[in-house]
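Student: Spelled out, the chains give:
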Amino acid sequence: MAQSFNRTEMLPALPPPISQRGAVKWMNENLLSSPLNIFLTVVGFAAIVLIIVSAFPWWANSVWNAGSLKECRDIVTASAGEGASGACWAYLRVWWGAVIFGHQYPVDERWRPILTFGLLFVALAPVLFAGQKRSLLIILGAVAAYSLLTLSLAAAPAVPFVLALLGIAALLVLSQVQPAKLLWFTLAFPPLCFWLLWGGSIWTPIVAMAGFAVLYFVFRAASPVIGLAPAAGAGLVAAVLWWLFAQGPIVENLDAILRVELLFVPSDEFGGFLLSTVIGITGITFSLPIGILLALGRQSDMPIVKMLCVIFIEAIRGVPLITLLFVAAFVLGFFLPPNSNFDLLLRVLILVTVFSAAYLAEVLRGSLAALPRGQYEAADALGLDYWRAQRLIILPQALKISIPAIVSSFIGLFKDTTLVTIVALYEPLKGITGLVRADVNWKGIYWEPYIFVGTIFFVFCFGMSRYSKYLEGKLKTDHR
Amino acid sequence: MTMAIDAPRQGFRLSMLIFDTRYRSYTIQAVVLALFVIAIGWLGYNLDQNLSDRGKELSFRFLWQRAGYDIPQTLIPYTNDSVHFRALLVGLTNTLVVAFIGCICATILGVFVGVLRLSNNWLVARLMTVYVEMFRNVPLLLWVLLSYVVLTETMPAPKDFKVTDEMTAAGEAPAASMSFFDTVAVTNRGTNVPAPLLERGLGSIDLGFMSLNLTFLAFVAVIGGSIYANNRIVSDARRRQETTGDRPVTWWKSLLILFGPIAVMLVALGLHWETPVLKGFNFQGGMFIAHAFTALLVALTLYTAAFIAEIVRAGIQAINRGQSEAAFALGLRPGRTMSLVVLPQALRVIIPPLISQFLNLTKNTSLGAVISYSDISGTLGGITRNQTGREIECVFLMMLVYLSISLTISMGMNYYNRSTQLKAR
Chain W
0 MAQSFNRTEM
10 LPALPPPISQ
20 RGAVKWMNEN
30 LLSSPLNIFL
40 TVVGFAAIVL
50 IIVSAFPWWA
60 NSVWNAGSLK
70 ECRDIVTASA
80 GEGASGACWA
90 YLRVWWGAVI
100 FGHQYPVDER
110 WRPILTFGLL
120 FVALAPVLFA
130 GQKRSLLIIL
140 GAVAAYSLLT
150 LSLAAAPAVP
160 FVLALLGIAA
170 LLVLSQVQPA
180 KLLWFTLAFP
190 PLCFWLLWGG
200 SIWTPIVAMA
210 GFAVLYFVFR
220 AASPVIGLAP
230 AAGAGLVAAV
240 LWWLFAQGPI
250 VENLDAILRV
260 ELLFVPSDEF
270 GGFLLSTVIG
280 ITGITFSLPI
290 GILLALGRQS
300 DMPIVKMLCV
310 IFIEAIRGVP
320 LITLLFVAAF
330 VLGFFLPPNS
340 NFDLLLRVLI
350 LVTVFSAAYL
360 AEVLRGSLAA
370 LPRGQYEAAD
380 ALGLDYWRAQ
390 RLIILPQALK
400 ISIPAIVSSF
410 IGLFKDTTLV
420 TIVALYEPLK
430 GITGLVRADV
440 NWKGIYWEPY
450 IFVGTIFFVF
460 CFGMSRYSKY
470 LEGKLKTDHR
Chain D
0 MTMAIDAPRQ
10 GFRLSMLIFD
20 TRYRSYTIQA
30 VVLALFVIAI
40 GWLGYNLDQN
50 LSDRGKELSF
60 RFLWQRAGYD
70 IPQTLIPYTN
80 DSVHFRALLV
90 GLTNTLVVAF
100 IGCICATILG
110 VFVGVLRLSN
120 NWLVARLMTV
130 YVEMFRNVPL
140 LLWVLLSYVV
150 LTETMPAPKD
160 FKVTDEMTAA
170 GEAPAASMSF
180 FDTVAVTNRG
190 TNVPAPLLER
200 GLGSIDLGFM
210 SLNLTFLAFV
220 AVIGGSIYAN
230 NRIVSDARRR
240 QETTGDRPVT
250 WWKSLLILFG
260 PIAVMLVALG
270 LHWETPVLKG
280 FNFQGGMFIA
290 HAFTALLVAL
300 TLYTAAFIAE
310 IVRAGIQAIN
320 RGQSEAAFAL
330 GLRPGRTMSL
340 VVLPQALRVI
350 IPPLISQFLN
360 LTKNTSLGAV
370 ISYSDISGTL
380 GGITRNQTGR
390 EIECVFLMML
400 VYLSISLTIS
410 MGMNYYNRST
420 QLKAR
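These protein sequence lines are chains W and D, in that order. To convert, note that position 123 of the first sequence is 122 in numbering that gives the first Met the number 0; the numbers rise steadily by one, no gaps. To convert, note that position 413 of the second sequence is 412 in numbering that gives the first Met the number 0; the numbers rise steadily by one, no gaps.
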């Protein structure tokens with residue numbers, strides 16, 4: 000009788016051979032899979048080694064405390080021997096204030112930009128992380144800690160110090176009780192920011208904001224009677240009249256009653272990262288609505304509106320920002336009423352905003368065109384009028400798909416703020432670094448200031464692009 | 000029973016201009032146009048007032064006045080006796096030359112980096128990601144300034160190249176020496192490279208209003224002829240391949256026809272190189288390249304290449320994997336798959352954003368003004384504006400020039416887009 004030798008139980012699986020598992024397999028696949036790959040790995044490795052060998056000693060020998068570049072070099076020679084190179088970050092100790100606030104911003108008032116910077120994140124938080132109590136708590140907590148630390152370091156006067164901390168604490172509580180209400184702070188932030196940075200009477204921004212209230216009430220009162228668009232026009236006219244004729248006397252009277260003011264700081268004294276941030280944030284804030292309007296105008300059925308928008312967008316996009324800055328510095332003054340004083344920063348802000356708006360309009364045009372035709376038709380079929388259709392159907396989708404492009408255009412704008420150096424504003428890259436390099440003590444320093452400024456720009460821009468990735472994922476509603 | 004078929008016929012009432020959507024757009028357009036005209040009128044009025052206050056008037060006659068300043072780098076003949084218009088042209092050629100070379104270098108580097116970012120070599124892909132993110136997230140001005148400062152501060156002074164008799168006696172080497180077999184000298188003032196010179200130029204003929212350089216024309220003619228002949232050879236080969244199935248070998252014919260005539264012509268005209276020599280305190284002879292040019296070129300190339308790399312990567316990734324798999328299934332080798340299947344499709348995605356990067360690069364050449372490169376924003380927008388005090392005219396002309404360059408490039412792009420558009424069925 001034949002005996003069967005069939006095995007009845009499974010053998011345990013052997014581990015894969017050594018070349019097919021773990022680090023060896025990974026290296027075989029990712030670094031050494033072909034002769035070309037081996038070559039590339041060797042070249043890449045050599046490049047890394049070269050960079051480390053040349054830069055590491057320089058970095059490791061950094062000097063953080065010295066009075067001049069020569070002193071730095073002496074310290075490096077004393078500690079690391081003749082011929083050793085070392086970074087001299089000590090310049091930051093001397094120039095820190097100038098790099099951040101500009102060399103002319105009054106030293107005693109530096110707590111104001113510091114506080115504004117903290118509050119900026121409070122104002123952004125409800126927009127960036129809508130309704131997420133945890134994120135709001137983290138951000139506001141960080142801002143509170145930041146303000147406590149930096150304001151005491153900057154020796155802020157007692158009254159604003161206490162007021163600021165109380166205010167942040169109140170906002171912190173509010174964010175946990177009613178997160179949606181935090182948006183009101185976002186609305187109140189622009190005038191507050193203006194007042195903190197430029198100073199002067201507190202009534203100026205408040206009365207200017209009241210102009211928007213006038214706009215709103217006129218609009219509300221008139222829109223049932225004459226329709227949306229004319230009512231908006233009437234509101235605008237009323238607001239402009241308010242600003243032109245009512246603003247001055249009202250502010251004067253209020254000043255006479257109660258005088259609350261900060262030391263006025265003219266725009267010429269802004270510099271460093273303060274200047275870049277002011278230009279960047281203002282440009283971003285104002286260019287988005289203008290860009291949306293331009294994009295809608297370009298998509299419009301009305302030939303005259305369309306033509307004007309196209310000419311405007313293409314003319315602005317066709318020239319470099321530098322020429323527009325030349326316009327701000329040398330030409331715009333000729334086109335403004337005689338005896339009006341628009342200072343240089345304001346003129347630059349206007350043109351930077353215009354520039355960025357034209358780019359945004361082009362970005363948005365792409366996404367408006369990319370929306371399926373059916374969306375427009377569906378909005379019409381629902382009987383929505385133009386503005387409702389745009390607000391409820393078209394723009395939410397168009398803005399969503401253009402987020403990466405919008406953010407990269409904002410990144411571009413923020414990087415381009417450095418170009419204002421061409422009209423003699425003291426931005427950190429050329430303006431302030433130029434001052435450092437012209438200083439007798441620091442003559443000949445170049446890697447350190449450029450690396451420092453570049454790193455800060457990198458952190459901001461890279462952060463923005465990461466945030467846009469996050470937002471893109473969060474808003475993705477299609478399940479493809 | 001009556002049925003309402005048409006909209007009720009009513010006479011035209013004035014209120015319909017606001018409430019009736021059929022007529023409302025006319026009202027809005029009229030209002031917009033009126034506002035626009037008012038705004039223009041207001042600006043014009045202000046301009047008029049401001050100009051008369053300062054006793055100025057708009058005029059472009061300054062363009063034909065003597066410029067009186069020197070420009071370090073000139074591609075067309077220019078002296079400080081030339082007129083401002085000539086300075087404008089010099090600036091324009093300088094802008095175009097840096098933009099042109101920059102576009103070529105940035106494309107080469109960008110394609111290289113973009114392909115390497117997709118490589119399955121982990122290390123190289125990560126390195127390229129670091130490069131791209133580093134350059135995309137830092138202002139271009141930083142790269143311009145940094146390369147300029149590094150060039151001017153770390154390079155040796157011309158006197159360091161000097162070999163004195165004592166040195167020879169002591170057997171010492173000078174502090175610095177020329178690179179590339181003693182032909183290129185990089186000093187802190189600029190780069191001196193050998194200049195090609197012709198012993199027997201063809202001269203030029205004077206046409207009264209301008210002079211024609213015959214040598215230049217001859218070169219253009221020879222190169223054009225070679226390219227035309229090469230195209231003929233290639234298209235003949237293709238025809239033969241399509242009719243008979245086997246492709247004749249053309250590469251050596253192409254090489255010969257492309258480079259042969261020009262080499263013969265160069266030898267006939269007596270090409271020789273003039274190398275820079277240290278004379279006195281500076282290098283003489285050869286061609287002088289200002290550091291501003293080199294720095295601007297390096298910065299623009301590195302910066303734009305990072306963007307181009309992203310475009311190339313996105314373009315290659317946009318091609319469906321099935322396309323290359325299908326090509327492999329048909330038995331095409333990887334190289335052929337790339338050149339016949341993937342690239343033609345990827346190029347359709349890559350080229351439009353690539354051209355807009357070229358446009359950006361061209362506009363970004365205006366950053367040269369910061370490191371005093373004499374491009375158009377340095378000559379016309381800088382020194383000419385300063386000297387003549389004609390701000391409005393200079394800035395307007397400058398914008399016009401940039402605008403025409405941009406519009407030309409985007410016209411090219413539109414033409415390309417139209418010609419490669421997928422023909423929808």
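It is possible that part of the hints are untrue.
Unchecked claim - Far from chain D, some chain W residues (derived; all Cβ distances over 12 Å):
| no. | residue |
| --- | --- |
| 1 | A83 |
| 2 | A141 |
| 3 | A168 |
| 4 | V176 |
| 5 | A187 |
| 6 | G210 |
| 7 | G296 |
| 8 | L320 |
Stated by the list, open to error - Derived DSS-like pairs: lysine-lysine, alpha-carbon spacing no greater than 27 Å straight-line:
| no. | chain 1 | residue 1 | chain 2 | residue 2 |
| --- | --- | --- | --- | --- |
| 9 | W | K132 | W | K442 |
| 10 | W | K468 | W | K69 |
| 11 | W | K69 | D | K278 |
| 12 | W | K468 | W | K399 |
| 13 | W | K473 | W | K69 |
| 14 | W | K442 | D | K158 |
Just so you know, these hints were derived from the structure itself, not from any lab. From a predicted model like this one, the values you see are computed outputs, not experimental measurements. Beta carbons are placed, not taken as given, at the ideal position from N, Cα and C, and that holds for glycine.
Student: All the hints need checking, so say for each whether the structure fits it.
Tutor: Evaluation of the provided hints:
no., hint, verdict
1, A83, "holds, 17 Å"
2, A141, "holds, 23 Å"
3, A168, "holds, 35 Å"
4, V176, "holds, 38 Å"
5, A187, "holds, 31 Å"
6, G210, "holds, 20 Å"
7, G296, "violated, 9 Å"
8, L320, "violated, 8 Å"
9, W:K132 / W:K442, "violated, 50 Å"
10, W:K468 / W:K69, "violated, 45 Å"
11, W:K69 / D:K278, "violated, 34 Å"
12, W:K468 / W:K399, "holds, 12 Å"
13, W:K473 / W:K69, "violated, 52 Å"
14, W:K442 / D:K158, "holds, 22 Å"
Of the numbered hints stated above, those contradicted by the structure are hints 7, 8, 9, 10, 11, 13, listed in ascending order.
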